[in-house]
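For the record, in the sequence shown the residue sitting at position 75 is 75 according to the UniProt record's numbering, with numbers rising by one throughout.
DSSO-like cross-link-like pairs, simulated, lysine-lysine; straight-line CA separation at most 27 Å:
| id | residue 1 | residue 2 |
| --- | --- | --- |
| 1 | 159 | 60 |
| 2 | 256 | 19 |
| 3 | 256 | 30 |
Just so you know, these hints were derived from the structure itself, not from any lab.
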Amino acid sequence: MMKSDAGDAFTLPQASGFKARLEALYQALKAGFSMSDAGLVSVFWEGTLIGRTRPEFAEKIGALKGASLSLNCLTLPSGDLTEFGFAMRDKGLSQGWRGEKLDLVPLDKPEAAPVGTLERALYRPFGARTSAVHLAGRIRNPRDERDPVFLLGKRSIKKLVGPGLWDGLTAGMIQAGEAPLEALARESQEEAGLTACDPVKAEFLACDHISRPVRGGWMHEVSYAYATLLPEGFMPEPVDGEVDHFECVSAEEALKRIEENLMMKEAAMTLLLSIRKLLGG
1 MMKSDAGDAF
11 TLPQASGFKA
21 RLEALYQALK
31 AGFSMSDAGL
41 VSVFWEGTLI
51 GRTRPEFAEK
61 IGALKGASLS
71 LNCLTLPSGD
81 LTEFGFAMRD
91 KGLSQGWRGE
101 KLDLVPLDKP
111 EAAPVGTLER
121 ALYRPFGART
131 SAVHLAGRIR
141 NPRDERDPVF
151 LLGKRSIKKL
161 VGPGLWDGLT
171 AGMIQAGEAP
181 LEALARESQE
191 EAGLTACDPV
201 KAEFLACDHI
211 SRPVRGGWMH
221 EVSYAYATLL
231 PEGFMPEPVD
241 GEVDHFECVS
251 AEEALKRIEE
261 NLMMKEAAMT
271 LLLSIRKLLG
281 G
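Construct all of the structure, not just a fragment, from the sequences and the given hints.
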């Protein structure tokens, strides 16, 4: 069972240089998460604004049968979008095909009830809003409790997004009908084999609203960040093939990997939030 005294302070990397680097990375990531979507094309489905995407994507999607593009508005065909999604996939406009449904919520009303579900691979091309969970895991250093050890997972090179980059302990999308803590428990089991994971014991860090361009379109995402303390000597085992392997790293090494752009941005933010919390930030 996970313990969560993830807020326990540590003192070793207290040098002003470490803190300055930490804060600079945090502010840079924060700024990159809040990019204006002005100039994007609004995407409507059955009268609801579900996304905003880049004009070059809107133009190609709007050329498909059943869609229309006019006055900076892309209107998708009514009803189930599966066949339309297949047409997008065949034209190279989707991020593959996952066979995984996510809740579709109004873009301008993120707290509203879902208006439907949609294949995961279509969210970035439409600029529709996704929700994800990220878990930063740490282990007490038996040699020096002032210097905690963090667990990072190296993404499989077969991943469509960020192949070979580093993630935190757990990262994944919230599927249709799931609550954030339910998704956290599922992803923890699927990616790291944490069958004893109690998500209630994971400490909530922050909820970020992300808006930024990505290779597959535009990313609108609600990102839930958590942290947890794991038993001494714990080492997770990759389960579903999405993680190649896990490593234990110091706070200093974790910072270096973020500085060298070796980590997924959302995982990096969760790790920085965890370290800032430990330092009393």
